[in-house]
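Asker: Listed below are the residues making up each chain.
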Amino acid sequence: MIYIAMATGFLLILIGFYGALTNRNLLRMIVAFSIADTGVNLVIISVGYMPGRTAPILDASVTAANAIARIIDPVPQALVLTAIVIGVGVTALMLAYALKLYEKKRTLDIAKFTELKW
Amino acid sequence: MIKRFLALLLLAGVGAIFTSLLLAYVPDTDLNLTAHYYAQHAASDIGAANIVTAIVITYRGLDTLGEVTVLFLASSIVGLVLSFGQKRNTIQRNLVPVGELLTTASNYLAPIIMLLGVYVFVNGHLTPGGGFQGGAIIASSMLLLLLTDPFKQFSHALISTLESFSGIAYVALGLIGLLLAGSFLDSRILPNGVLGELISAGVIPLIYSLIGLKVGAEFTSMLASLSETEDL
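Chains A and B, in that order, give the protein sequences. Residues 9 to 126 in the working numbering are what the first sequence lists, from first letter to last. Residues 54 to 285 in the working numbering are what the second sequence lists, from first letter to last.
I should point out that these hints are in silico values taken from the structure, not numbers from a laboratory. A quick note: this is a predicted structure, and the numbers were derived from the prediction, not measured. Careful, some of the hints might be misleading.
Said to hold, decoys possible - Each pair of labels, with its calculated beta carbon distance range:
1) Lys56/B - Ala68/A: 56 to 66 Å
2) Thr16/A - Pro164/B: 46 to 56 Å
3) Ala210/B - Ala63/A: 39 to 49 Å
4) Lys113/A - Ala234/B: 39 to 49 Å
5) Lys113/A - His89/B: 51 to 61 Å
6) Arg114/A - Ile130/B: 42 to 52 Å
7) Arg114/A - Pro164/B: 17 to 27 Å
8) Asn85/B - Ala68/A: 24 to 34 Å
9) Ala15/A - His89/B: 25 to 35 Å
10) Ile165/B - Arg114/A: 37 to 47 Å
To be verified - Straight-line Cα separation of at most 35 Å, DSBU-like style, residue types lysine-lysine; simulated pairs:
11) Lys108/A - Lys56/B
12) Lys125/A - Lys108/A
13) Lys205/B - Lys112/A
14) Lys112/A - Lys56/B
15) Lys113/A - Lys125/A
16) Lys125/A - Lys112/A
17) Lys125/A - Lys205/B
18) Lys205/B - Lys108/A
19) Lys113/A - Lys205/B
20) Lys56/B - Lys125/A
21) Lys108/A - Lys120/A
22) Lys113/A - Lys56/B
For glycine and all other residues, C-beta sits at the position ideal for the given N, C-alpha and C.
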């Protein structure tokens with residue numbers, strides 16, 4: 009189970025990298041970066057998982073006394089919570105820049121933007 | 054062609070690294086030292102049933118303040134970048150009508166989705182979810198409204214008032230924690246209460262509600278600035 013989640017995460021990272029490297033269209037590259045982002049989050053979450061344990065939320069069955077033996081690692085989940093929100097901010101910024109670039113050149117093809125090329 | 058080959062070569066290398074990581078990975082059987090501390094002390098020190106929330110808001114509260122700041126910066130920069138150039142002209146062009154189903158459904162659903170967002174961030178210390186998720190849910194109801202009426206104008210004054218109020222109140226709560234409880238963003242300035250009840254865990258529900266409002270306002274302002282730029 010844990011290996012399925014982790015392998016899916018790694019696969020998503022690879023798909024995202026492939027999309028970002030081979031596509032010329034800015035919007036497709038942004039989508040590819042989002043996919044890679046999701047993959048990284050999935051890998052971090054799966055690192056915190058431990059077989060046979062449950063979510064780090066205390067209730068009737070997981071009390072404060074037996075929490076140490078029952079819950080999975082809460083730290084990666086807190087980190088991914090941060091990463092998801094920052095990912096949304098980064099995606100919004102990329103989209104705004106893509107919009108401005110399109111306004112300038114009337115194209116989304118990355119090969120047409122040669123100002124910084126050497 | 055050569056570029057695609059190089060890209061595939063790079064991906065094969067990265068894939069080989071990932072495969073070796075995956076094959077060598079053995080899941081832990083015990084919590085590590087940090088997680089052990091959190092599992093042992095979260096309930097008695099913080100009083101939050103959701104240990105992830107206790108970490109995000111109190112143990113690593115400064116990180117979350119930084120995260121909220123990054124999000125604020127992102128939404129301001131989106132607004133700034135898009136505000137150069139003309140705004141969309143207000144003359145309504147002939148758009149395809151969105152249809153009866155979407156209009157009626159969004160009229161009924163938007164308030165309910167907003168209510169769900171409030172529920173998620175108010176219960177952040179008890180159930181999965183919290184301010185960031187609740188804020189995103191609220192912003193999704195705004196997106197539904199924008200889909201129904203692409204020319205809808207949100208009140209920027211209301212959005213920025215809400216955003217600055219919740220930001221200032223968040224930092225003020227942190228400073229009160231510094232004065233009364235001894236550390237910045239300490240949640241113990243209010244009593245911990247009974248574990249698992251709505252009013253418990255000190256100021257965590259208050260802080261998460263403020264974060265929910267702030268995140269909702271920031272996402273909504275990003276959506277508004279994206280929708281208000283001139284159509285190309």
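Asker: Look at each hint and say if it fits the structure.
Answerer: Quick rundown of the hints versus the structure:
1. Lys56/B - Ala68/A: 56 to 66 Å: 58 Å, holds
2. Thr16/A - Pro164/B: 46 to 56 Å: 36 Å, violated
3. Ala210/B - Ala63/A: 39 to 49 Å: 41 Å, holds
4. Lys113/A - Ala234/B: 39 to 49 Å: Between Lys113/A and Ala234/B, where Cβ atoms are some 55 Å apart, the hint is violated.
5. Lys113/A - His89/B: 51 to 61 Å: Holds, at about 55 Å.
6. Arg114/A - Ile130/B: 42 to 52 Å: 23 Å, violated
7. Arg114/A - Pro164/B: 17 to 27 Å: Taking Cβ atoms as reference, Arg114/A and Pro164/B lie about 40 Å apart, which means the hint is violated.
8. Asn85/B - Ala68/A: 24 to 34 Å: 26 Å, holds
9. Ala15/A - His89/B: 25 to 35 Å: 28 Å, holds
10. Ile165/B - Arg114/A: 37 to 47 Å: The hint (37 to 47 Å, Cβ to Cβ) holds, given that Ile165/B and Arg114/A are roughly 41 Å apart.
11. Lys108/A - Lys56/B: Holds, at roughly 27 Å.
12. Lys125/A - Lys108/A: 19 Å, holds
13. Lys205/B - Lys112/A: 26 Å, holds
14. Lys112/A - Lys56/B: It holds: about 27 Å lies between the C-alpha atoms, which stays within 35 Å.
15. Lys113/A - Lys125/A: 16 Å, holds
16. Lys125/A - Lys112/A: 17 Å, holds
17. Lys125/A - Lys205/B: 41 Å, violated
18. Lys205/B - Lys108/A: 22 Å, holds
19. Lys113/A - Lys205/B: 28 Å, holds
20. Lys56/B - Lys125/A: 16 Å, holds
21. Lys108/A - Lys120/A: Roughly 14 Å separates the two Cα atoms, so the pair holds.
22. Lys113/A - Lys56/B: Since the Cα atoms of Lys113/A and Lys56/B sit roughly 24 Å apart, the hinted pair holds (cutoff 35 Å).
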